[in-house]
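So the sequences go chain by chain: W and R. Numbered by the working numbering, the letters in the first sequence go through residues 1 to 316 in order. Numbered by the working numbering, the letters in the second sequence go through residues 1001 to 1321 in order.
It is worth saying that the hints were derived from the structure and are not from the lab. This structure is a prediction, so every number in the text was calculated from the model and none was measured. It cannot be assumed that every hint is accurate.
To be verified - Pairwise CB distance ranges (calculated):
{"#": "1", "chain 1": "W", "residue 1": "Leu3", "chain 2": "R", "residue 2": "Glu1043", "range": "35 to 41 angstroms"}
{"#": "2", "chain 1": "W", "residue 1": "Gly246", "chain 2": "R", "residue 2": "Pro1240", "range": "53 to 59 angstroms"}
{"#": "3", "chain 1": "W", "residue 1": "Glu264", "chain 2": "R", "residue 2": "Gln1125", "range": "52 to 58 angstroms"}
Said to hold, decoys possible - One side of the interface only, derived from the structure: several residues of chain R facing chain W at Cβ under 10 angstroms:
{"#": "4", "residue": "Met1001"}
{"#": "5", "residue": "Gly1059"}
{"#": "6", "residue": "Gly1062"}
{"#": "7", "residue": "Val1063"}
{"#": "8", "residue": "Ala1068"}
Said to hold, decoys possible - According to the in silico footprint, chain W covers these stretches of chain R (three or more CB under 8 angstroms from chain W):
{"#": "9", "stretch": "1069-1075"}
{"#": "10", "stretch": "1086-1097"}
{"#": "11", "stretch": "1102-1115"}
{"#": "12", "stretch": "1258-1264"}
Heads up, the beta-carbon is just placed ideally off N, CA and C, and yes, glycines get one too.
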Amino acid sequence: MSLERSRWYETMVRIRLFEERAMALFMSGAIQGTTHLCDGQEAVSVGVVAALRDDDVLTNTYRGHGEAIARGMPFEVAFAELMGRSTGCCGGLGGSMHLADFERGNIGANAIVGAGLPIAVGAALAFQLRGERRVAAAFFGDGATNIGTFHEALNMAAVWHAPVVFVAVNNLYGEYSRVRDTTPIDDLAARSSAYALPGVVVDGQDVDAVHAAAKEAVERARAGRGPTLLEAKTYRYRGHSRSDPGRYRPADELEAWRRRDPIEILGGRLTAGEGATPDDLANIRARVAAEIDAATSTAEQAPFPTLAHAARLVYA
Amino acid sequence: MTYREAIGAALFDEMAADTSVVLLGEDVATDGGVFKTNAGLVEAFGAGRVRNTPISENGFVGVALGMAVMGLRPVVEIMFSDFLPTAGDQIVNQLAKYRFMTGGQARVPVTIRSIGGATGRFGTQHSATGEGWFLGLPGLRLATAGSAAAAYAVLRAAIREDNPVIAFEHKGLLARRGLVERGAVAEVGRAAVARAGADLTIVATLMMVERSIEAATVLAGEGIDAEVIDLRWLNPLDWPTVLDSIGRTRRLLVVEEEPHAGGWGSLVISRAAREGLRLARPPRVISLPDDIPVPYSPPLEDAILPTAASIAAAARELVDR
């Protein structure tokens, strides 16, 4: 199998195992507060990030571990952040909802729904003003398509031809509410037409489909032909947050989506026609699992930040 | 030059000195902007750097944040301070907190120029100074321009400041003339002693500075020597200057164009008390009513505003005259 596609597989496994370990650490009390896990949505993170260059940037949400790991945040740095340690990506000051990693182009994970869209537009305008061929992507959920900044950001991006890709991660639920109960349309990408933008719906469980659509949108932006609204249809296996068991979901819905697991879909392609064996895939999983164990242990031994140090990070 | 010319000069000089400075807001690029503060800028620097936005305050403050973390130095014009709450999330949760919650990875050199204040008969949704609404937010600097000189020098400092700043301006001062030192950049967190005096301390911001100076002139004729401090910065607030003055005069009068219940006046009085400053008389406050919004009807708008007369009357009581 190609190196690129084995990397996609491995990255999805990395996200999945990270989320599973994060949940376990929350249940044991090693991580406190709350967390919003993205199991089931890995292909969206990996497929879009794979279409970005290293100097492209993205903003994302409190359900943002997938993009952080997809862009290469080391496990021990991510776990340390979730545990509030000084070796975390944000020095322990952000936590699960705010995994920012500026060196790798993650310019802010936001706990406020919709806040990251105009920020991504601003980043894109900075590139445009300086004549840089860089692109900004904004990841957000279905719920965000109902908040003011979604509309304001798409409108401004359209008017100014900003090099931005808007990625709506539609997992059918805005917190505890079905999209259908809060939104009068099913295909959120259709909202692009209100801003004279292209809107594309893609199967979010298929990393190849996500990557192809993202690549086209990124290249459109980079070529100066403006923004795109990409909607990935996907599903989160877990509830909205740690404290939500997701009982508002119909009984067979979760099972139906698990049968379209993004890791298994790519794995099936790799073993069917790209020269991978089941052992190859199992080895990847085992290697990642060992790395997770080591990283958890490292993070658990890291010190907490001091208040004095935190106080110095308020103002530049 | 006038206060509005001073704003324009500050913008011009900063934009000329630093190509990363950009201006965005509603109508900023058209005919010099709604309050004619931006004359000549789009002609000098182009439509990329001087940009009219749609009516989307929360959105375009967010755009400014994105520009800033990617290396630009944006100035956002908010047409009326009453519209600041429209951008509430991007100010409170984003600008103020972004550097901290990214563990210092982000640098946010955004300046919001917010034009507010009463006397224009603009009614209750177009007359607030707004200076008290964003107090006490760690990470957010607050500045006020009470004179043409400050409109120039404080704005230049705010733009150069690497942290988010709301720089409050007053539309009632736009036509005021004053001596402006072109090239001067104010010191962040330094108040200005607008008039030195020995008998009492008047602390004021924005349009209340000139009314306090007017009162002080009248009082001087009566042998009362008032010190008028223009705070200029609410965050960081110049405690050494303020406390030194109150410590010397032992009489404090706070003059603020906002309800006392929601503003900076209480901070000054609280700090003086907590520092144990021995006052000769209890502090006095002249402010907008706590329980009446700014009314449209002209005589009512006049009635609720502090005036040189009401300031002088309070000062006389402080010195037992």
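A quick look at each hint next to the structure:
no. : hint                                         : result
1   : Leu3(W) <-> Glu1043(R): 35 to 41 angstroms   : violated, 54 angstroms
2   : Gly246(W) <-> Pro1240(R): 53 to 59 angstroms : holds, 56 angstroms
3   : Glu264(W) <-> Gln1125(R): 52 to 58 angstroms : holds, 57 angstroms
4   : Met1001                                      : violated, 30 angstroms
5   : Gly1059                                      : holds, 3 angstroms
6   : Gly1062                                      : holds, 3 angstroms
7   : Val1063                                      : holds, 4 angstroms
8   : Ala1068                                      : holds, 7 angstroms
9   : 1069-1075                                    : holds (count 5)
10  : 1086-1097                                    : holds (count 4)
11  : 1102-1115                                    : holds (count 8)
12  : 1258-1264                                    : violated (count 0)
In terms of the numbered hints stated before, the structure departs from hints 1, 4, 12, listed from lowest to highest.
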